[in-house]
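Protein chains: 2
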Amino acid sequence: DGSSVESLDYEVIENYAYREEQAIKPEGTGLAAVLINISVENFAGWKYSLTFSIIQKSYVAGFIVYVLINLALVFSSVYIITQFAPAAAGSGIPEIKGYLNGIDTHGILFFRTLIGKIFGSIGSVGGGLALGKEGPLVHIGACIASLLGQGGSRKYHLSSRWLQVFKSDRDRRDLVTCGCAAGVAAAFRAPVGGVLFALEEVTSWWRSQLMWRVFFTSAIVAVVVRTAMGWCKNGNCGHFGSGGFIIWDISGLEYELSLNPVYGSSFFIVCWPSNQSSFSGQEDYSFRELFPMAVIGVIGGLLGALFNQLTLFITRWRRNYLHRKGNRVKIIEVCLISVITSVISFGLPLFRNCSPCPESDASSGIECPNAPGVYGNYVNFYCGRDKEYNDLATIFFNTQDDAIRNLFSAKTIHEFSAKSLLTFLVMFYTLAVVTFGTAVPAGQFVPGIMIGSTYGRLVGMFVVNFYQKLNIEEGTYALLGAASFLGGSMRMTVSLCVIMVEITNNLKLLPLIMLVLLISKAVGDAFNEGLYEEQARLRGIPLLESRPKYQMRKMTAKEACGTQKVIYFPRTIKVADIVSILRSNSHNGFPVIDHSRSGETLVIGLVLRIHLLVLLQSKADFQHSPLPSDLRGRSLPIRHSLSEFVKPASSKGISIEDIHLSSDDLEMYIDLAPFVNPSPYVVPEDMSLTKVYNLFRQLGLRHVLVVPRASRVIGMITRKDLLMED
Amino acid sequence: DGSSVESLDYEVIENYAYREEQAIKPEGTGLAAVLINISVENFAGWKYSLTFSIIQKSYVAGFIVYVLINLALVFSSVYIITQFAPAAAGSGIPEIKGYLNGIDTHGILFFRTLIGKIFGSIGSVGGGLALGKEGPLVHIGACIASLLGQGGSRKYHLSSRWLQVFKSDRDRRDLVTCGCAAGVAAAFRAPVGGVLFALEEVTSWWRSQLMWRVFFTSAIVAVVVRTAMGWCKNGNCGHFGSGGFIIWDISGLEYELSLNPVYGSSFFIVCWPSNQSSFSGQEDYSFRELFPMAVIGVIGGLLGALFNQLTLFITRWRRNYLHRKGNRVKIIEVCLISVITSVISFGLPLFRNCSPCPESDASSGIECPNAPGVYGNYVNFYCGRDKEYNDLATIFFNTQDDAIRNLFSAKTIHEFSAKSLLTFLVMFYTLAVVTFGTAVPAGQFVPGIMIGSTYGRLVGMFVVNFYQKLNIEEGTYALLGAASFLGGSMRMTVSLCVIMVEITNNLKLLPLIMLVLLISKAVGDAFNEGLYEEQARLRGIPLLESRPKYQMRKMTAKEACGTQKVIYFPRTIKVADIVSILRSNSHNGFPVIDHSRSGETLVIGLVLRIHLLVLLQSKADFQHSPLPSDLRGRSLPIRHSLSEFVKPASSKGISIEDIHLSSDDLEMYIDLAPFVNPSPYVVPEDMSLTKVYNLFRQLGLRHVLVVPRASRVIGMITRKDLLMED
Ligand SMILES: Nc1ncnc2c1ncn2[C@@H]1O[C@H](COP(=O)(O)OP(=O)(O)OP(=O)(O)O)[C@@H](O)[C@H]1O
Ligand SMILES: Nc1ncnc2c1ncn2[C@@H]1O[C@H](COP(=O)(O)OP(=O)(O)OP(=O)(O)O)[C@@H](O)[C@H]1O
Ligand SMILES: [Mg+2]
Ligand SMILES: [Mg+2]
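For the protein sequence lines, the chains are B and P, in the order given.
Residues in the first sequence are numbered consecutively from 1, following my numbering.
Residues in the second sequence are numbered consecutively from 1, following my numbering.
Honestly, the hints are just simulated from the structure, not real lab data.
One thing to keep in mind: the hints can contain errors.
Pairs count within a copy or across copies, as identical chains cannot be separated in the list.
Pairs of lysine-lysine residues, derived as DSSO-like cross-links and limited to a Cα-Cα distance of at most 27 angstroms, are as follows [as the list claims (entries may be wrong)]: (1) K549 / K387; (2) K554 / K720; (3) K565 / K549; (4) K720 / K558; (5) K720 / K619.
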């Protein structure tokens, strides 16, 4: 239902009020979103420690407690979302993408959405559902940035004076872009990845100044996150810090070893830094290894496209049948999924036979077995004998971050059996598809990484068995698998590549990741669009792509308007007429037409519905005479400050129904001339729609007026006319 | 002299001929520029080996031979440039930036420029001048991409059919962007850095499809470079491969050691991968180290801004006085600089006392002394005793790549004395400033890295002495210094950051590099613009910034046109009139005005000078009657294929002087209607110049028509009208 969706006004309305006011340029957007991480990470830390400490006592009691805690967490999440902040459900990235494309989804940047998102995602991720919190973090970053720009939320009395400079939709757009980058930077501890994510995936317009601001924001976030991490490592944050929540820090050397495992046996040689050429490690993957990597890319493309398609069907079905029935159904649905997830993740490992621990090697530093819930591989879960571990529990009955770390881990070459991995893959894929689209905050990054690294590791196992060579590491394949699934589902390239590299802290894998991403994106593109585009379309967010559609070439601007009769205002108009026109339709922009002295008509501008509503509400400009004010010899009075016309970001704004006018008021007149945007962009009626599209899309417009061909040319503007010195 | 500069036509000319032809979409631009590296690197390899083998025999003879070889190389370079390809002088990045901003500098993408650039930069870099070859490589990449798009150069009979789909300026723009990315990817072996460089520094318009293509190109280049490197390591490329030309590969572990030098003494502990938190290394720089790093940032900003200012003065002086006098002066100038450079780089180390070698540690793998010209630190140059080395020769009398590697090197903590570093810094800075702007291909990346790493290492030395702590490495400071100087001079952020990280193969330095870059860019911005912008302005390349100037807010479109009288064509016009109008001015676009039946005028479009010239040359459209063709009842004949109107990329194109018409021809008429662009973008006369600027800049236009306000509105176009399904 796209009817609730309205566009944003990125165009600067150069009306009379605007010209009088000194425009304050936004400077230093960098402070936005630095608080995301600390607030979110700390809340989630103690939850895991609580969960796990109870579970370790008895398996039956543990099972019940586990299910109940998960249920409680998930319930709190879905309750917050359904009752308090419905706009906070889902990942939020499609909505933010829409916002930056020029579409205002109701409530997406409200303060309550922010609160709902933070607490909701703590509940849903903590409750063990098959979803992540990276998407929500991006949304949180965008919310914080927007609210900071708004000078705090007025409704909750959190406003500060100096932040109120970011007023127009245009400035807020830049802030939200910075917020997205900050979100990714905080979620993955990947500052450059954040910049690229904002650039490649979410934003629709890009200026090079913005790059600098986004970079600055990301840098600050990176520093804050690092400081917080350092502080937490000293044990100030409870459970957080020992394992690392959200961010799985895979050490660089571990990977260097994984590429050059021959070093693993003779450490002294590794560290001998003399011979550069034998040391670089990059030439270590041989050409025949490129084939399995290409296979991973293809699998990623296929599974990713399938994921998009399945979630599309399920979301559509949910929207049309299930969620119609109200909030109660939504809550029950999520709780059911939570119970199923808990049962599967606890129950399946019970049926799995334990494997004996590998021969312990003092130098490798691997401990086997570990207690469940403790950071590490080789979890002892329902194993009879002493030196045994349960490979399925290692990945299934664990926090997602630990599971990913285990899947990525090198030096644990035969830790997982193919059967366990396959079980996990099928189960988790199904759970992820089913969980997607429920009424909780949900990111797709972490589930994507889980799924991808599982089949990546599977392929890696087959490769190890087939080639019988040890310089192939299963962990590397898991990493490539993760990249391929994300590429196949989200269709990002550069940003994903950089994020993966920053996560793993290993640049040497860059070319391999690039290769895998290229393949998986190409394969995925053959089937459908990217996850976020599909979801945006489904939610009625009409994204304008950067390229016009092919059939637009043959159409003209006039044809695009069809048979519509333009609703316009004369320059001076009775208040009663304004009200009735505004009531009669839902358009947001109206041309204003004046009669010149010689009797011919002239378009003097475009007036926005919200500006008209402000005028009607304030009544300050009502006049008794139907004559334009300047014709009566007076200069235009300034009765409004620019701030009155500013659109509030975190409330719906006034509507025509809210305005109550006396019958005296209705008989008065308004001269609209000072309040119109005097020079909206116009196109001649027979311009091809491709060019109109480019104009509309590139400049981020909301209304374009189609006018007749000009009768004469007053001047030509070329580059030379636009070059000016300061 | 900006008079030779004309704009590019990115707008699609939707004239009659265009509508008839099926547009072929460009797909797969990835193959461009893969050959850059192999061709360039191999040529330069043997030159160094030759140079050095002669020098090692005797110092006096060596000196003479050294000077002469350098002179010969530099002379060959400057001779090629001045005689054969004048457009290949300099780095080429400002010109490419201009090209992508919409300005065609004559000859910048010709085949001969490509050849001149390749051989010229081999000569100038091989000849030991204080310049690099990364800038030229970007230019080379852009040339190759453009020529590939052109289907080879027609003049040199290198054309292929299937490449001729990239015809318009618009397609070529995308290709050139890919070429730039390929150039950086090849020069620094930094594929992601290449993508970001193309995005942040050179391009002015960005679409998300382009990102994918650029990424693809970079990925292919990275693979090709890697393959070539592997091949060369087997000894197939002469001198190249042992030391590594162009790319200095600083191993990852070396840096990890440099951050955790305590590992240096006890290797076994380093490689023990058990304890993650003590291992990550990122927390190793303490907060008090941030202060010297900020100092480096400030120094970088100051020295970078000074560099820009000095080169600006020198270039201006050169242009106004020196280079007026012809090619001979240019050649003499460069040869003089070459001799001075040779004398300084050979002579200064002679005056420097040698230092004794550090105690040799078998495990560290450091050899001391090394013979000059051999890859490695601690060069023995004019040292009396056996176990001595000359620290100035280690950086000065060496290839630039080896010098940089030595400056960056860790574990060589007291290798350089402050005096040597200071001498080198002053000397090299002066040489770099003087060499800049001579008539040879010259990049500023490598000199910038040299300068920056020298003062970075100087600061590092003071820090080591001051803090008396060993977990600060001089090599790390050198790296940060290099980043700071490049940031202070070129003012890039994200791309530079990623390039530095990719060069050093060490992600852990990312936050420090970000910090330093932020400071140095901010400091530099306080003084002047970035190097490339300054140079572009000086060369008369009128770059349009992405932001309109502030005073434009108060101006209208009509005011920008001033008092100009628009030169226009009627729809049907005598050939003689066309010729005389074209002769009388140098405008490139002319409105075409028709009279409707009711007698009023109507702007029917814009005709371009080059299209008129094509019409005049072909004569196929001349007609005897002064009546428009369709009025005489005939449908418009198709006498031209679209390809006739395509602008050639690698030649000047025809001019009005080349066209010879008989007096009969001059009496004929042309109906211009089929050849006009029927819907150029128009703006109403009182639109503010800010909005005109945005329109012009964002859409990459060349001409905007200023027209009177419209008299009525035919339709409104909003987002909903532009949403179409395929
Ligand atoms: N003033 C108007 N007179 C006549 N038709 C209009 C007017 N404004 C918009 N339209 C048409 O009405 C249709 C619906 O547009 P709508 O009214 O939703 O635009 P809007 O609300 O101003 O902009 P948006 O919905 O993008 O925020 C479109 O096809 C548009 O061309
Ligand atoms: N047809 C025209 N009639 C009158 N003035 C024009 C016309 N075309 C351009 N001008 C003006 O002449 C000045 C010089 O522009 P110029 O002729 O160089 O434009 P151009 O060559 O068409 O475009 P460019 O130089 O950007 O390639 C500008 O101020 C411009 O406004
Ligand atoms: Mg609407
Ligand atoms: Mg011109």
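Between copies, within a copy, both or neither: which fits K554 and K720 at Cα up to 27 angstroms? Between copies, since 18 angstroms is at most 27 angstroms while 33 angstroms is not.
Under a CA distance limit of 27 angstroms, which applies to K720 and K558: within one copy, between copies, both, or neither? Between copies only: 14 angstroms across chains, 32 angstroms inside a chain, cut-off 27 angstroms.
With identical chains treated as interchangeable, where does the CA-CA distance between K720 and K619 reach 27 angstroms or less: within a copy, between copies, both, or neither? neither (46 angstroms within a copy, 33 angstroms between copies)
Can you tell me if K565 and K549 fall within 27 angstroms by alpha carbon in one copy, between copies, both or neither? within (25 angstroms within a copy, 39 angstroms between copies)
Given identical chains, is K549 near K387, meaning Cα to Cα at most 27 angstroms, within a copy, between copies, both, or neither? neither (63 angstroms within a copy, 73 angstroms between copies)
In summary, the numbered hints that this structure violates are 1 and 5.
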